[in-house]
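Peer 1: Here is how the chains run, residue by residue.
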Amino acid sequence: MNIYVLLKKTFDTEEKIAVSGGVIEDDGAEFIINPYDEYAVEEAINQRDAHGGEVTVVTVGDEDSEKQLRTALAMGADKAVLINTEDDLEDGDQFTTAKVLEAFFADKEADLILAGNVAIDEASGQVGPRLASSLGISYVTTVTSLKIDGETVNIEKDVEGDVEIIETSLPLLVTCQQGLNDPRYPSLPGIMKAKKKPLEELEIDDLDLDEDDVEAKTRTTDIFLPPEKEAGRVLEGDVQDQVKELISLLKNEAKVL
Amino acid sequence: MSEKIVVIGEARDGELRNVTFEAIAAAKQIQSDGEIVGVLCGKENLEQQAQEMIYYGANRVVTVAHDNLETYTPEGYGQAVLAVIEAESPGGIVMGHTSIGKDLTPKLASKLGSGLVSDAVEIQTDGDEVTFIRPIYSGKAFEKKVITSGLTFVTIRPNNIAMSERDESRTGEVTAKEVDITDLRTVIKDVIRKASEGVDLSEANVIVAGGRGVKSADGFKPLYELADALGGAVGASRGACDADYCDYSLQIGQTGKVVTPDLYIAVGISGAIQHLAGMSNSKVIVAINKDAESNIFNVADYGIVGDLFEIIPLLIEEVKQLK
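Protein sequence lines, in the order shown, are assigned to chains A and B.
Residue 1 is where the first sequence starts when you use the working numbering, and the numbers rise one by one after that.
Residue 1001 is where the second sequence starts when you use the working numbering, and the numbers rise one by one after that.
Isolated chain B (complex conformation) (with noise of 0.2 Å):
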């Protein structure tokens, strides 16, 4: 099989995601000989992004470029997209499962009336057959699953796919192509960042959780702290967002992020069942706790019992000394 595939683009601030590398990755995963496509949306100097995917992978990009493309909504980006699939006719299309990919693959594969297997994050292939291995009950268990008639759709977990090396000898033609982006029903009026700065949750390599443990909202600050130092975001427990310490955007577990760091640091977050769920398939698990009964201590690589207002000043510290 040598089928084209499609792979969307996203950028945040003007850079390309992690995620779209990841996905152009996958793309050659399920079609070793197959073309890939780029596709790339936005409101106008797309040409060095769609560079960029070629470097990573893609034969050539398709950009659509349009003032209505400015910031993501379902119905423009839709309509974009939506063109030049019918343009390519691929036979299958990757995306990475971020907030957009959630938003915008759903509606793509209704108009397409296609499958869509959503947030794997290992794919198999045997001759023509390709499994796709994604979590299901946030990673409490994993399921195998296969496209059984039509395009082969997937959207890909950020962080879990290896992208390819960067090779800017790759060459490969970047195509404007005009899409007329109509009747717009929604606005985005304004975005308020909240988010930590830079690192987001889902991609973040390193992330410093706390919970209730780490008492009140300033007991939070030492953790970005630890967090800024080591290139890494802040998350939570649901006990510590119900408590209003942080942010319901920064839990992570089975009702909020499942995330699948190289280094989880949970910090007074005591491991129900909930939190687990969101966080024990990460690489390397930290546990700082001052109960040395915590549940937490069952998944942790390595473990401190003991203060943490103590212990997180000290790593502050030494990782800063490492850098």
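Only chain A is shown next, with the shape it has when bound in the complex (with noise of 0.2 Å):
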């Protein structure tokens, strides 16, 4: 089976957000992969250690999205590919990765393209089924559950809490949803196969692709922080007088009851 994931980069979790100048600053900041796409990336490894064939790992990024890729390859992947924008494309949007992707697997065989659900950063959760739109495929959002026998795939979907039992076939692009796997840690053994693992390079001529094709639909014009949260009131008193203080509060200050 040839497998691909869509993989992006993001700040790690645990960074605080600064802006300077209506961008956000990364000097310093640590970036790992998405953690969707890292769900992606350990259902690939088990569906080809199951059903055999391969994993590529895609990205649309900058130089240093290598270092995510090298991670995916760590984990098991067996290639990855860097579709390198840096010079090209100064601000795409959701329309241009996508754009990018669809070239990308014009002359690809896909039977199944893996993503993450949606993006920690930006969080519109866009590319993946644009992608399946235009490649012309199946796609399931937001999944908990993927079996394959043969062409048939049976999914578990995540709608708001309820599960969604699906039918679908190859060739599929889903986007994962966090109760899928556990994404394994990279293995030291894995990290130093992943040295020599294949690592393509391209930028968008590779693709016959020009910036007017993949130019961008929406703009972000400013990024700013929301206003600092105060803290608030810790009550005191007997328990009881507390709780009723509380009640109170919500009622007659907050006004929320």
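One should not assume that every hint holds.
[As the list claims (entries may be wrong)] DSS-like mimics (lysine-lysine), calculated; alpha carbons at most 25 Å apart, straight line:
no., chain 1, residue 1, chain 2, residue 2
1, A, 217, B, 1004
2, B, 1111, A, 217
3, B, 1028, A, 217
4, B, 1283, A, 251
5, B, 1323, A, 255
6, B, 1290, A, 244
[What the hints assert, rightly or not] Per the computed footprint, the stretches of chain A lying under chain B, defined by three or more beta-carbons under 8 Å from a beta-carbon of chain B, are:
no., segment
7, 11 to 21
8, 91 to 100
9, 243 to 250
Source of the hints: derived by calculation from the structure; they are not laboratory data.
The beta-carbon is built from N, C-alpha and C at its ideal position, and this holds for glycine as well.
Two chains, two separate frames, one set of hints: put the complex together.
Peer 2: Rendered as structure tokens:
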């Protein structure tokens, strides 16, 4: 089976966000594989181990994205592709990324494409379904179980807490939800092996695209932080009285009851 | 500018979701004098829902009924909604940023070669320029987005944009459109209900969330009772989900759901930065924790330091007396 994983690097979830001049400061920030994409990498490896084939991880990013690709290779992926848009594209949006990936997949025979359900930075969740749609293949988002039997695929999908039992077929794109699996940590031998695994670097020229084809449809004009929350009141006294006071505050001061 | 805007409605268990009405209000903000056309898909009996959309401000509604639209699939709904959009050629599209909205809109955007601003919480207009504000990094920051080319296509986060008053004197045309829905490769075989009865986490006005301090799945029972008494939903921290006290679908945080209810009651939650990202934009936050040094107290409007197993039953009593 030809398995692909769409991967994005994101800020470590521990990072505090600082903004300067309307942009996020990323100097010195730690980057990780988007946590939802880790489920995709883990699932791809498991499916390959069960059904044979090859796992290729693909990212649209910059030079530094190699680090996250190497991590995925260390987890067990076979090959990596870095589509480096750093020099060509200034302000891409989800339209842009999906177009770039569409061009990459144009001559690929993908049986299964896995992605995270959402990236924890921009959190639009668009690129997976956009790509499936332009490739003309089915997609299922927020999957929590994936069983492949020949061409038939049985899926459990999280729908706002309920579970849909879905039957569909390959070729297919899925986006991965928490609960699908427990992503492994790369082992030391895995890390050593990853250094020698193939990592191909492409630019948009190599995909027969030029900037106009992928020009963003939306633009970010500003980024700002929410107002700092002031620490509130910690109530005092007998527990019974505190509870009564809380109810009264919620009713009369905060007016939410 | 007075272009037409299409609002894609969404029902759950036969009732339109509030976010549909919020989407109509959002469409009005984007386009104060343009026509607002509702779209509804389903198996049958869509007329009453269509009337509701009109009462909340849609000028007219197009319904698409088909056996293959009984449950949502991106293929089925995609064909139906695209057929309406192609016939209407609107200047904009608005839908709720719900499970279905998140799933369907990127497909539509791809087919229409359009941009899409997902998960807007506020709309600002200055003449013809429309700016959308949306959370990024799970609400650790916000960005302002504008559409630079093509359709004004946006999904809005439930609970953030006020809906208009329901007005039964509003009238509008409801037309049924025939669309042949074919070639479905994806079939929903069954739906297992696990979500808390009635109130959906992303649309809940009140959320009672438990963390590791709740100590067990049994420990969550009083939280459900409190949530029921308040007409709210139960959520959880990652710690509680990882410890198997509850299902991952309840998780709130940077991984998991981002919520903005009117009232968020954090019970036995220490307040890791990842959890705060998912809830700190709630309007009022109450923290109940035995550790007075917990981070959660830094974002709480009101805090009680103490034993949650003692406090929650008392709270349930008080809330019940209130009603």
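Peer 1: Given the hinted pair residue 1323 (chain B) and residue 255 (chain A), is their alpha-carbon gap at most 25 Å?
Peer 2: With a Cα-Cα distance of about 15 Å, the restraint between residue 1323 (chain B) and residue 255 (chain A) holds, given a limit of 25 Å.
Peer 1: Between the alpha carbons of residue 1028 (chain B) and residue 217 (chain A), is the straight-line distance 25 Å or under?
Peer 2: Satisfied, since the Cα-Cα distance of roughly 22 Å is no more than 25 Å.
Peer 1: For the segment 91 to 100 of chain A, does the count of residues with a C-beta closer than 8 Å to a C-beta of chain B reach 3?
Peer 2: holds (count 4)
Peer 1: Would you say the segment 11 to 21 of chain A counts as covered by chain B, given the rule of at least 3 residues with C-beta under 8 Å?
Peer 2: holds (count 6)
Peer 1: Does residue 1283 (chain B) pair with residue 251 (chain A) here, judged by a C-alpha cut-off of 25 Å?
Peer 2: holds, 14 Å
Peer 1: Given that the segment 243 to 250 of chain A was listed as covered by chain B, double-check it with a C-beta distance under 8 Å for 3 or more residues.
Peer 2: With 6 residues closer than 8 Å to chain B, the segment 243 to 250 of chain A meets the three-residue bar; holds.
Peer 1: Are the Cα positions of residue 1111 (chain B) and residue 217 (chain A) separated by 25 Å at most?
Peer 2: With a Cα-Cα distance of about 14 Å, the restraint between residue 1111 (chain B) and residue 217 (chain A) holds, given a limit of 25 Å.
Peer 1: Going straight from one Cα to the other, do residue 1290 (chain B) and residue 244 (chain A) come out at no more than 25 Å?
Peer 2: holds, 18 Å
Peer 1: Given the hinted pair residue 217 (chain A) and residue 1004 (chain B), is their alpha-carbon gap at most 25 Å?
Peer 2: Holds - the C-alpha atoms of residue 1004 (chain B) and residue 217 (chain A) are around 19 Å apart, at most 25 Å.
The earlier numbered hints are all upheld by this structure, with none contradicted.
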